[in-house]
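Chemist: Below are the chains, spelled out letter by letter.
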Amino acid sequence: MITDHDVVVFGGGLAGMRAAIEAARHGADVAIISKVHPIRSHSGAAQGGINAALGAGDSWETHALDTIKGSDYLADQDAVEIMCREAPSDIIELEHMGVTFYRGEDGKLGTRAFGGASVARTYFVGDITGQALLNTLYDQIMKTGVKVYEEWFATSLWMAGGVCRGVVALDMMTGEMSLLRAKAVIIGAGGCGRVYEPSTNALICTGDGHSLAYRAGAPLMDMEMVQYHPTTLKGSGFLMTEAARGEGAYLLNADGDRFMKKYAPNKIELAARDVISRAETNEIAEGRGIDGCVLLDLRHLGRDLIMSKLPQIHEMALDFLDIDMVDTPVPVRPGMHYIMGGIKTDVEGATPVPGIYAAGECACVSVHGGNRLGANSLLDTLVFGRRSGLAASTYVKSVPNTSAGEDFLASEQRRVQALLDRPYVGETHARLRLELGTMMDEKVGVYRDETRLNEALSAVRSLRQRYDKVAVGDKGRTYNQALTFVLELGYMLDCAETIIVSAQTRKESRGAQSRTDFPERDDANWLKHVMVTLRDGAPQISYAPVTITKWQPEVRKY
Amino acid sequence: MKVAFFPGCVSKGACPELFVSTQKIAGPLGLELFEMTEAPCTGAGVISEQNPDLADSLNGLTLAMAERQGADLMTICSTCQGVLSNHNYHLKKDAARRAKTNAVLAESGYEYKGTTTVKHLLWMLVEDIGLDKIKPLIKRRLTGLKVAPFYGCYILRPEESLGLKEKPERKTYLEQIIALLGATPVEYRGKTKCCGFPMVTMNRDAALTMGGNHIIEAREKGADLLVTPCPLCHLNLDAQQPDAARVMRTPIDVPIFHLPQLLGLAFGFSPEELRLNHHVVSTRKALDKVELKV
Amino acid sequence: MEWTIVVGRYNPEGVYKGGELGPPFPAPWSDAPRKTYQTFKVDLPEHAMILDALIQVREYQDESLAVRCACRSAICGSCAMWVNGHARLVCTSRLGEHLVDGKVTVESPPSMPIVRDLVCDMKPFWEKMRKVAPWLENKQPIPQGEEYRVANAAMENLIQEVSCIACGACLMDCESFAVNKNFLGPAALAKAYRYAEDPRDATRPDRLRRYSEPDGVWDCTHCFECVTQCPKHVAPLDQILKLRQAAVSAGFTNNAGTRHADAFADSIKHSGRLNELTLMPKSLGFFNIKAQLQSLPSAFNLLRAGKLPPIIHKSIPGVTRVKAIFKKVGGRFK
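Chains as they are written, first to last, in our numbering: chain F, 1 to 558; chain E, 1 to 294; chain W, 1 to 334.
Read the hints as simulated data drawn from the structure, not as lab findings.
Keep in mind that a hint or two might mislead.
[Claimed, not checked] Calculated pairs, DSS-like style, for lysine-lysine (alpha carbon to alpha carbon, straight line, at most 30 Å): (1) F/K147 to W/K123; (2) W/K334 to F/K475; (3) F/K143 to W/K269; (4) W/K103 to E/K221; (5) F/K475 to W/K17; (6) F/K143 to W/K123; (7) W/K103 to E/K146; (8) W/K123 to F/K475; (9) F/K147 to W/K139; (10) F/K469 to W/K17; (11) E/K221 to W/K17; (12) E/K171 to W/K41; (13) W/K242 to E/K171; (14) E/K93 to W/K334; (15) E/K139 to E/K285; (16) E/K165 to W/K242; (17) W/K103 to E/K92; (18) W/K139 to F/K108; (19) E/K165 to W/K327; (20) W/K269 to E/K93; (21) F/K309 to E/K165; (22) E/K92 to E/K2; (23) E/K165 to E/K135; (24) W/K269 to E/K92; (25) W/K181 to F/K143; (26) E/K113 to W/K334; (27) E/K100 to W/K269; (28) E/K171 to W/K103; (29) E/K100 to F/K309; (30) W/K328 to E/K167; (31) E/K93 to W/K327; (32) W/K242 to E/K113; (33) F/K309 to E/K92.
None of the values given here were measured: they were computed from a predicted structure.
When you get a sec, could you build the whole thing from the sequences and use the hints?
Modeler: So this is what it looks like as structure tokens:
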């Protein structure tokens, strides 16, 4: 089946829905395609809050400087300025849409402290901020009546003459493949956390957007910048929000010391995430960890505060570790959480490939540079979701209709059928996924070096060869998850490869990338973005300058 | 064993057979029933939902009366049990609610202190009297009778206020008693579900179909009768059974027993003494099975 | 340790080989397709969740098992299904706490249309959501460039529902929905409460009127199933009851539910106990001839069986205490 829309939004999370709402507001015929119901998107897992310089005593410049410093000066300052300037009005707009933000005594929006922020500017809803925003945006989507192709799995972008003209997708309910023709595609497909094991990410975060854009010729930028969240639950890797530290929780080592005082004497537990993850890794490596973890201590906060401001993580610690954080500290360790890198876009969300826009975690504008501050990601999705929706709705006005695409759809159908027809030779996608994930955690983790990065690259290459033989263990048409898992594994391999290649290229330590063989930051040679583009089937490296407006790079201390 | 006996409204109104059969079995069980004649209706949850303060005060009064008697409060109705335990649970926990309630009760000279426990006869049989003490009282084993338990929502949910988190076995007492009496408990999904009584005035067809479905499911699994610890469920399942059959356009024809009636039969009382001849749906077929005439 | 998990499977494209065909479902789900139950054994630690077992089966034993799951930590709401016949979120349900006869049985609930295996069609759930207009209709004027001023307590009042992850467990086990497919259901009505009580919404009276109509708040049978199954403590029943109170306070009283409550309260106020004889006719409304006639057969049956309550309804001794209570806190029942 072939259908036509002006704008197709690929991904139904916060960025995707905000883009759709904006494009629809400006008269475009918009449809969202998502491989899960939009409410299941990983945006809902964001817990702590969303930043904006709304309060008196705060300013967008301060927010921008915090963000730029947080990024270890790799962020593009024009983009950061835009995000921080527009944040206040975006928060107000969310409030007008109905988000049930926390209020202070005067009935105005209230804040909590968060990592790397010089002023408390994080607006929140309990510890379910992401979920509250997701619910409200989906409510708005129901209000506007934007069409959602839910549980449709995207297999490819359709490129016609170097311009993106749509998405080919599989309807999970029927197994039928369709071409959603469009004049612009906005990708809001989220991150690729499942490339690592363990990870805080849901099983659906497999880098579909990154990979499809990459395969369509769009460059991926700063892929080496992978954020390890310092407080992920022992074992499962589930997220224990930064808001816990924002409310005053301590991080303790085996000696019961607040070790962050050593590494970040000013901000202590509220330093930037990469700083804390490195600190924890050091403490554990030097023998002051407990079973490979450190402790998140909330006992002094008291039951009332925990139950009112942090109920969800309280429940998670009980469910998964049988620990009541009211009287027992929780074991946590750094876990892969977010990727600052992604599809390169400009400040309007446009990628260098005409017709492809991107926003949210899958995009790299770059506002997060080498490290993202907590509560800036929710902001990123909304600001750039909105901007790309607007930009796309303008762009499509000058794009002619087309009646082509049948050939491409047919070739995709053949490709997928060939995959389904593969005979079983002993490889399962599950085993390959686990190998990939544990390998990445081991060799491309908090601390990296040339030897292990090279090993990682060979491992990915050899996994790719085995992947080419993986069979699909279900030949049916109705809700065939085995098929989509195999396709996802392909996306993950693309992401893994670009991450490694970028990490190898950047011969310095900056932000989330810490190389033991190049332990210093090297502004002279490396104040630039690393880009990877697919050319003739292989990743090609190129560079893009970092845009500096007001803030010269400084030594980064917390 | 002395108990502050709260019979509830329906056992003194449309289900007198429940009151009578309870009195009959109290003797052999050693239960001294001190009827709380001055205690008001619990409101059946309807008052609780419309005016929580009023329901707190009405039920607070009842609980205070039981406290004054110095005995546990015994109910014979799942709904009374549910409402009274709920209010007891919250009044015990919430000092503000307690203070509010006592301010109202002061005028009548009562004070709620939170010292009594609310227990349904069903629970008392197993927990306070003990199945081993009941066994010797059985003069007539109900062998061959297949009995489907129907608990009624309010004796099963919400779990916190009914003490089910601490005593999950309470969810199996009916089956235990049925087995003790020599009959076979019937396993079916509807045993823990709603009979439909709360919405019979709002959506009659749906409410009757709800109850009807459960009875039919039990019947298809071989049940000769249903036994329930709630007279409100009994009303919907027995008194309204012909109506349900009409709405569902299918005969149902399954007698519904009250818990004390089942026990009474096993203890040797006659069906007439237990008013088993005063049901809307005839109990004859079930009684035939244990060679009793009514 | 070893766990045994029985999975109810169904594929519209054909019957599964291996496993046992299960019995038909009892009414009202007699039309739901029968499933083939396959038994699997998995090796997982003591605290493992049911979802861990399903993922293990899917990854290492049978790739064709279809299960919706994403976050594994009760945030995304994907994995609600029947566990031993009761709707649960399997990512936070321990295997060890759900053993019946040494095994855990999972399947897609027959109350929802089935797609395949453990994947049900959530369309009914979302259609009901849409029906309650689950979005803010802004109160005018919208503050320019700043937020509405509202008390934090007003926002906290709504957060219980905002915690809803739309997993559907409540609807899957809702008894009223089981016999009346048009009933809006717990999740949609809880959402309805969230917007009706949002101080920034302009359409409260209209909402309350709509939710009081048939298939709305008064069609809930008050059985606490939704409260028991909800993994996020949303307690939809509590929200429905608050919505009922709000609707009555706003004057939407022309329905059997309100009359029923009034009749109940009236009876208790006057005599300290329920007068069953007058309760039914009063609840239905004296002018509702059709309904009054419909309830005559039961009344007649009660009479015949000798169960009709005495015409002269006696008050309880000490009824003055009850009257005093009503006077003090009776609210609209004074």
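Chemist: Just pull the numbers of the violated hints for me, sorted ascending.
Modeler: Result: hints 2, 3, 17, 19 and 30 break, sorted rising.
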